[in-house]
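Engineer: These protein sequence lines map, in sequence, to chains A and B.
Residue 0 is where the first sequence starts when you use numbering that gives the first Met the number 0, and the numbers rise one by one after that.
Residue 0 is where the second sequence starts when you use numbering that gives the first Met the number 0, and the numbers rise one by one after that.
Please note that a few of the clues may not be correct.
Said to hold, decoys possible - Below, in silico cross-link-like pairs of lysine to any residue (SDA-like), each with a Cα-Cα straight-line distance of 20 Å or less:
#1 LYS103(A) - GLU209(B)
#2 LYS12(A) - GLY55(A)
#3 LYS232(A) - GLY36(A)
#4 LYS91(A) - GLN116(B)
#5 LYS141(B) - PHE195(B)
#6 LYS91(A) - MET129(B)
#7 LYS156(B) - LEU205(B)
#8 LYS106(A) - SER126(A)
#9 LYS103(A) - GLN83(A)
#10 LYS128(A) - GLU76(A)
#11 LYS232(A) - GLY217(A)
#12 LYS25(A) - SER9(A)
#13 LYS91(A) - SER159(B)
#14 LYS103(A) - PRO126(B)
#15 LYS179(A) - GLY210(A)
#16 LYS103(A) - MET129(B)
#17 LYS91(A) - LYS156(B)
#18 LYS103(A) - GLN116(B)
#19 LYS106(A) - LYS156(B)
#20 LYS103(A) - ARG132(B)
#21 LYS180(A) - GLU60(A)
#22 LYS105(A) - GLU76(A)
#23 LYS91(A) - PHE208(B)
#24 LYS77(A) - PRO89(A)
#25 LYS67(A) - GLY138(A)
#26 LYS105(A) - GLU209(B)
#27 LYS106(A) - SER128(B)
#28 LYS17(A) - GLN56(A)
#29 LYS106(A) - MET129(B)
#30 LYS91(A) - ARG61(B)
#31 LYS77(A) - GLU118(B)
#32 LYS91(A) - SER128(B)
#33 LYS237(A) - LYS180(A)
#34 LYS105(A) - PHE208(B)
#35 LYS179(A) - VAL201(A)
#36 LYS91(A) - ARG127(B)
#37 LYS12(A) - GLN212(A)
#38 LYS77(A) - PHE208(B)
Rather than coming from a laboratory, the hints here were simulated on the basis of the structure.
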Amino acid sequence: MISVKDLRKSFGKLEILKGIDIDIAKGEVVVVIGPSGSGKSTFLRCLNLLETPTGGQITFEGEPITDKRHNINATREKMGMVFQHFNLFPHKSVLQNLMLAPVKVKKQPPAEAERIALDLLRTVGLSDKKDAYPSQLSGGQKQRIAIARALAMQPHVMLFDEPTSALDPEMVGEVLEVMKKLAEGGMTMVIVTHEMGFAREVGDRIVFMDGGQIVEQGTPAEVFGNPQNSRTKDFLSKVL
Amino acid sequence: MNIFSVFWEYRTYFATGIQYTLLLAAIGVICGFVLGIIISLLRMSRLWLPKLIGSVWVEVLRGTPMVVQLFIIHYGLVAFGVKFTPIESGAITLSINSSAYLAEVFRAGIQGVDRGQSEAARSLGMPRSMTMRYIVLPQAVKSVLPAIGNEFITIIKESSIVSFIGVTDLMYQSGAIQGITYDYLSPLLVIAAIYFIMTFTLSKLLGAFERRLNTDDQR
Chain A
0 MISVKDLRKS FGKLEILKGI DIDIAKGEVV VVIGPSGSGK STFLRCLNLL ETPTGGQITF
60 EGEPITDKRH NINATREKMG MVFQHFNLFP HKSVLQNLML APVKVKKQPP AEAERIALDL
120 LRTVGLSDKK DAYPSQLSGG QKQRIAIARA LAMQPHVMLF DEPTSALDPE MVGEVLEVMK
180 KLAEGGMTMV IVTHEMGFAR EVGDRIVFMD GGQIVEQGTP AEVFGNPQNS RTKDFLSKVL
Chain B
0 MNIFSVFWEY RTYFATGIQY TLLLAAIGVI CGFVLGIIIS LLRMSRLWLP KLIGSVWVEV
60 LRGTPMVVQL FIIHYGLVAF GVKFTPIESG AITLSINSSA YLAEVFRAGI QGVDRGQSEA
120 ARSLGMPRSM TMRYIVLPQA VKSVLPAIGN EFITIIKESS IVSFIGVTDL MYQSGAIQGI
180 TYDYLSPLLV IAAIYFIMTF TLSKLLGAFE RRLNTDDQR
């Protein structure tokens, strides 16, 4: 579904990604772990071109999205993204947050968009907040709304950029719960996270990144149970 | 002669003055607002030509006296066969002058909106223009509302320079009344009061508007 070849990204002289190769299959849940500064967020942000790669290519559903002539907006409609800091639109109500892109971008009739939005709010357990504004929500609620907002576009893949890192500890669970449900529903997901327990439980594949490269990858049992690379061992010994 | 009798005796003069002052200020505010947004977007463009045009526009209009701009537009452009009526010249000058100041206000507002906002919008497939219109601009305008109000008040006051080219605004009418009555002070005090009532009302209205915006989405 997503195919990444020799992906490189530099900021000025600093090379953040030093050639990433990975293929992600439909329905797969890939969890990217690694120390801060390892380039995992940059990698994720390159997948929907929020960062423009300096080299290599990315193919999504057969289309070369890194090609200059490719219309990235059309691709982004099919790739939902959830951010560390939620980035809900503060001047719009919860319902408007969910309906804006489907109505304006996908030209969905508002009635249909609203039906889908209300469905999603039920899924994330926040039906009663549909008329609230983001400022009236807790961090965990905001992130669940942000997930629902991304899902409202009915994407084929969901990208999560440290979705629980800005949350108070007691709110992490409710967000992971929603993500787990999503994974069980068969959604293709790429998740950057520091939640090792969650990675082990929900991930189909664990990707360990360090220094802008994929150092090791495998099933959770392989990577967590029997890490091969010394850097993986070192990292896991610190976080587990 | 006292202020009140001057006011009452020449009320039709003042009424005319109020009309023209309000008309020009309103045009200046509305056109300056729209033009200001366009200029600020030009200035932040990724392409060098629009960026240059936006920067030159702002720097030149901010860096030269408005009365000079007015005279150039009204008297100077005649040399190129461009002839405006006094009201047209006044409206153009006020609009472009305020657009330069407002463009800077908008730029500050737009750049003040969290980057994550446009990233979220873009990640949902919204093109750049749509992101600007639905996500960035509404938040930017809201955050710079006090500065915009300031500029609106300035426009009302500065509109008085159109009296130089013969628009019968408040300032011009006070001169006319001075000529009739030989009372220098009273007409000035009357128009000062009228200007103050206009600006004070506007400032209160904007304050109320700001509070209303704040009730629904505090961050």
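Engineer: Against each hint, give a clear statement of whether it holds in the structure.
Structural biologist: Consistency of the hints with the structure:
As the CA atoms of LYS103(A) and GLU209(B) are separated by approximately 27 Å, the hinted pair breaks the 20 Å bound. Using a Cα cut-off of 20 Å, the hinted pair LYS12(A) and GLY55(A) holds, with the two alpha carbons roughly 17 Å apart. Only pairs whose Cα atoms come within 20 Å are accepted, and LYS232(A) paired with GLY36(A) is accepted, the gap being roughly 18 Å. The suggested pairing of LYS91(A) with GLN116(B) holds, with an alpha-carbon distance near 12 Å, which does not exceed 20 Å.
Between the alpha carbons of LYS141(B) and PHE195(B) the distance comes to roughly 25 Å, so the proposed pair goes past 20 Å and is violated. With a C-alpha separation of about 15 Å, the suggested pairing of LYS91(A) with MET129(B) holds against the 20 Å cut-off. This hinted pair checks out: LYS156(B) and LEU205(B) have alpha carbons roughly 17 Å apart, not beyond 20 Å. Under the criterion of a C-alpha separation no larger than 20 Å, the hint pairing LYS106(A) with SER126(A) is inconsistent with the structure, at around 24 Å.
Proposed proximity of LYS103(A) and GLN83(A) is contradicted: the alpha carbons are some 25 Å apart, above 20 Å. Proximity of LYS128(A) to GLU76(A) is assessed by CA-CA distance (about 25 Å); at most 20 Å being required, the pair is judged violated. Of the pairs offered as hints, the one joining LYS232(A) and GLY217(A) holds, with about 14 Å between alpha carbons and a cut-off of 20 Å not exceeded. Restraint check for LYS25(A) and SER9(A): not satisfied, since their Cα atoms lie roughly 29 Å apart, outside the 20 Å limit.
The hinted pair formed by LYS91(A) and SER159(B) fails the criterion: a straight-line CA distance of about 40 Å is larger than 20 Å. Taken as a hint, the LYS103(A) and PRO126(B) pair is honoured in the structure, with Cα atoms around 10 Å apart against an allowance of 20 Å. Pair hint LYS179(A) plus GLY210(A) does not hold up; C-alpha atoms about 29 Å apart against a cutoff of 20 Å. Under the criterion of a C-alpha separation no larger than 20 Å, the hint pairing LYS103(A) with MET129(B) is consistent with the structure, at around 8 Å.
Taken as a hint, the LYS91(A) and LYS156(B) pair is broken in the structure, with Cα atoms around 36 Å apart against an allowance of 20 Å. Between LYS103(A) and GLN116(B) the alpha-carbon distance is near 17 Å, which keeps this suggested pair within the 20 Å criterion. Proximity of LYS106(A) to LYS156(B) is assessed by CA-CA distance (about 46 Å); at most 20 Å being required, the pair is judged violated. At most 20 Å may separate the alpha-carbon atoms for a hinted pair to count; LYS103(A) and ARG132(B) meet this at roughly 11 Å.
Only pairs whose Cα atoms come within 20 Å are accepted, and LYS180(A) paired with GLU60(A) is rejected, the gap being roughly 24 Å. Only pairs whose Cα atoms come within 20 Å are accepted, and LYS105(A) paired with GLU76(A) is accepted, the gap being roughly 8 Å. Proximity of LYS91(A) to PHE208(B) is assessed by CA-CA distance (about 17 Å); at most 20 Å being required, the pair is judged to hold. Of the pairs offered as hints, the one joining LYS77(A) and PRO89(A) is violated, with about 24 Å between alpha carbons and a cut-off of 20 Å exceeded.
Simply put, LYS67(A) and GLY138(A) have alpha-carbon atoms about 37 Å apart, too far for the 20 Å limit, and the pair is violated. At most 20 Å may separate the alpha-carbon atoms for a hinted pair to count; LYS105(A) and GLU209(B) exceed this at roughly 33 Å. Of the supplied pair hints, the one linking LYS106(A) and SER128(B) holds, its CA atoms being roughly 16 Å apart against a limit of 20 Å. Restraint check for LYS17(A) and GLN56(A): satisfied, since their Cα atoms lie roughly 13 Å apart, inside the 20 Å limit.
Taking the CA atoms of LYS106(A) and MET129(B), the gap is near 13 Å; set against the 20 Å cutoff, the hint holds. Taking the CA atoms of LYS91(A) and ARG61(B), the gap is about 35 Å. The hint is violated against a cut of 20 Å. Under the criterion of a C-alpha separation no larger than 20 Å, the hint pairing LYS77(A) with GLU118(B) is consistent with the structure, at around 15 Å. Of the pairs offered as hints, the one joining LYS91(A) and SER128(B) holds, with about 18 Å between alpha carbons and a cut-off of 20 Å not exceeded.
Using a Cα cut-off of 20 Å, the hinted pair LYS237(A) and LYS180(A) is violated, with the two alpha carbons roughly 29 Å apart. For a cut-off of 20 Å, the pair hint linking LYS105(A) to PHE208(B) is broken: about 33 Å separates their Cα positions. Distance hint between LYS179(A) and VAL201(A) is fulfilled; the C-alpha atoms sit about 7 Å from each other, no more than 20 Å. With a C-alpha separation of about 19 Å, the suggested pair LYS91(A) and ARG127(B) falls inside the 20 Å cut-off, and the hint holds.
This hinted pair checks out: LYS12(A) and GLN212(A) have alpha carbons roughly 17 Å apart, not beyond 20 Å. Simply put, LYS77(A) and PHE208(B) have alpha-carbon atoms about 39 Å apart, too far for the 20 Å limit, and the pair is violated.
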